[in-house]
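Protein chains in written order, with this note's numbering: chain A, 1 to 267; chain B, 1001 to 1259.
Simulated from the structure, these hints should not be mistaken for lab results. Honestly, I wouldn't trust all of these hints.
Unchecked claim - Residues from chain B shown here face chain A by an in silico Cβ test under 8 Å; the list is partial:
{"#": "1", "residue": "A1103"}
{"#": "2", "residue": "L1105"}
{"#": "3", "residue": "R1110"}
{"#": "4", "residue": "N1111"}
{"#": "5", "residue": "F1113"}
{"#": "6", "residue": "L1125"}
{"#": "7", "residue": "G1205"}
{"#": "8", "residue": "N1206"}
{"#": "9", "residue": "F1219"}
{"#": "10", "residue": "E1224"}
{"#": "11", "residue": "G1225"}
{"#": "12", "residue": "V1227"}
Virtual Cβ for every residue (Gly too), placed ideally from N, Cα, C.
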Amino acid sequence: MRISEKWCDMKNTCRFFGIGGVFLLIGFLLLTAGCTSQQSEQKPLNIYVAAGLKKPMDVVIAKYSNATGVTVIPNYGPSGGLYTQISQGQPCDLYYSADYNLIEKLQNEGKVAEAEKFMKEFVVMTVSKTGKQKGITTAANLTRENIVVAVADPSAPVGVYSENVLKNLGLWDQLNAMGNIKTRPSTVNQVALMVQSDEVDVGFTYSSTAQLYNLTVAEKYGYDLSEEIVFGDAIIKGGNEAGAEAFRDFVRQNSEEFTKYGWELYA
Amino acid sequence: MRKVSSWEIFFVPLFFLLIVYPILAILGNVTIDGMVNTFGDPIFWDAVKNTLITAFFAALLGVLMALGFGYFYIFHPGTIIYKIADFMNDLPIALPHTVAGLALLLAFGRNMFGFIGPTGLAFTLIAVMLAMFFVSYPLAARTIASAAEEIDREQINVARTLGDTPPKAYRRVVIPLLGEAIFSGFVLSFSRSLSEFAAVIMFGGNVPGMTQVLASYVFTKVEEGEVSMAVTASAFCILLSLMLVLILRMRGRLHARSA
């Protein structure tokens, strides 16, 4: 009896150490992972990039890696999602946002070392094959019966800008009441895809997206309607700030990769 | 006191760290502000309503289809149809869900189904339901098939020798024996449907107040940077799912008692 009790005690101690051991092991693994990334000579660069910039950015990254040997790890996604990740402290050195307001939000949170406005973008109305057959040439046509319109979800900045355009044209409430806005995709690329595959009549995208997807642009809207659309870059505090600055300057030197898709340099 | 095996030592801390802790992290981050904003948002309640209705019908269709699959499983496991269906059961699970959404859009959008309406089946609550069904049906089919495996073939054979046709034997003998599996299949595919958003956004429409569901509401709030609202809506999702699990458990206990 007594012996078995003692055995139990030992077992409990064992369990305690076992549990502690597992935690220690996890901690150790995390620490070593952290160390190795700091020890390497050329620190890899974590950049968070608005999904719309993927095509030209991939080209610039490849050029940069060839020239300097630095590994650049891009994380493409909707600007708002990337903002949330950075704001929650995920390691990021440089952030390219399709919405300068998000950079200003990060600045208010004290996360930004240096930020600047990079490029100007415009909202356009693209029409699909069927959209053309229905004779849609201007936004005012959208309030006809049975027009299928795609406007990105407000989680993507293009969704907010497109809403602004339609609101300032005085069409937004009417379109919603009619139910002509049939879909709110979560990225500008999904909108473009729906126009390209003719699943909708009209989609609001960026001018660069329309060019990338070879879409027919019916109307281009000025900043008086959409608000200023500025792509910005921000060097994030606490990361590889020197590396981020070097890469940002390299991107600036290669801005023709971006302007050929319809973006305009901010200054 | 019983002996503690090394399996328990391995399992318990990791279980709490990797499964329980993240869920508690969501619940612990709920703020009054977030609750006021979220529960005061009519769009949120529209999303809840849309989710419950479409997930219910998706699960219902899922179970009916799964019963059809079970029929093939018991009576015609040698047929090509069964083999294709069995093989395809894995596909929706392995497919990235934006791909599933795109596939559904191209298949049921207006280019193929334009005779139904200006957008085909796409961008309607039916589309939301179909997207949910597409990703959750395999779970129901699995549940039914593994329960059908447990059934004593003798009972089916007896019914058959007494003159029941396969459909009759399936209805009168097999389905009553599957009772519990049908219920868990339903709850499983219902819960899977609750969590689906990528396919639903792409094919369902995601128009707030019309075709938006709870999962895409949360996604949208995260992307908009409205973290406190996203957290509240997520906590709501977690409680909803916990309730479902509880129902499943209670139902299982009642069944065990009556058996």
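Contradicted hints - numbers only = 1, 5, 6
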